[in-house]
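A.B. asks: Sequence:
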Amino acid sequence: MRIIEYLENDSAKIGVLSEDCLFITPLQIPDEKTSPETTGETARVKTADVKLLTPKMPGKIVCVGRNYADHAAELGNSLPEAPLLFLKAPTSLIFDGDVIEIPPQSEQVEHEGELGLVIGKTCKNLKDDEPADEYILGYICLNDVTARDLQRRDVQFTRAKSFDTFCPVSRFIKTGVDTSDLRITTRVNGVIKQIGKTSQMVFPVEHLLRYISNQMTLRFGDIVATGTPAGVSTLKDGDICEVEIEGIGRISNPVRKV
-16 MRIIEYLEND
-6 SAKIGVLSED
4 CLFITPLQIP
14 DEKTSPETTG
24 ETARVKTADV
34 KLLTPKMPGK
44 IVCVGRNYAD
54 HAAELGNSLP
64 EAPLLFLKAP
74 TSLIFDGDVI
84 EIPPQSEQVE
94 HEGELGLVIG
104 KTCKNLKDDE
114 PADEYILGYI
124 CLNDVTARDL
134 QRRDVQFTRA
144 KSFDTFCPVS
154 RFIKTGVDTS
164 DLRITTRVNG
174 VIKQIGKTSQ
184 MVFPVEHLLR
194 YISNQMTLRF
204 GDIVATGTPA
214 GVSTLKDGDI
224 CEVEIEGIGR
234 ISNPVRKV
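Under my numbering, the first residue of the sequence shown is numbered -16, with each subsequent residue one higher.
Treat the hints as calculated values from the structure; they're not laboratory data.
Any given hint might turn out to be false.
Stated by the list, open to error - Quick list of in silico lysine-lysine cross-link-like pairs, BS3-like style, CA-CA up to 27 Å:
#1 110 to 43
#2 34 to 219
#3 104 to 176
#4 104 to 39
#5 240 to 219
#6 39 to 29
#7 157 to 180
#8 29 to 157
#9 29 to 43
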């Protein structure tokens, strides 16, 4: 399924877009502890009769560093003993087709193609025997754009990761995907720069969700970025950067220096 947000009778709603993009089946969200449920085919609306919206800004974007051994190695870092967490500002969020802006503060802005997951209901203190997937609304392509020179200079990641436009993501949320062995490919101007598989993660998706939920409460709409494979490279003015994930989709963003 592809989950989208739309406006009907001046009311913002979420729903499932049909394969032919002609209809939307509404989703109900009873409360923050319950996953969205479809209202049934009889309640579906024509896409032409509503306005499609840009997805809402998440409360937080939680990222995982050094979750692929080859990426950690290419930056000269050792693997962490536990997931290395950091946050991107929600205002860094943009969508497929929007412009990635290279700020004047940095001379080395790099792409990081990643699998992102969107939280479907409140997730807190998950135990080892609790299934984590029921807290996931779905999956997105994500580009954890990074000012690498500032990251090295600051040591901590906040500034380098949080410039406006530094988090391109899919406009649709894909559900029903087995994420155990998906291919992640990042291209710049059509040339493959990164290619890896989610099976190469040091800490897999369910482990990450349990770990993060024991550090902070995750709420509906929050995003978790699960790490990037090797091959990061510097983006230049005029580039086109694409992140494609098998079974989920592709995002493509032009790059401009400001």
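A.B. asks: Look at each hint and say if it fits the structure.
C.D. replies: Verification of the hints:
1. 110 to 43: holds, 22 Å
2. 34 to 219: violated, 34 Å
3. 104 to 176: Roughly 35 Å separates the two Cα atoms, so the pair is violated.
4. 104 to 39: Holds, at about 15 Å.
5. 240 to 219: At roughly 8 Å apart (the allowed maximum being 27 Å), residue 219 and residue 240 satisfy the hint.
6. 39 to 29: holds, 21 Å
7. 157 to 180: OK: residue 157 and residue 180 at ~18 Å, within 27 Å.
8. 29 to 157: Roughly 20 Å separates the two Cα atoms, so the pair holds.
9. 29 to 43: violated, 32 Å
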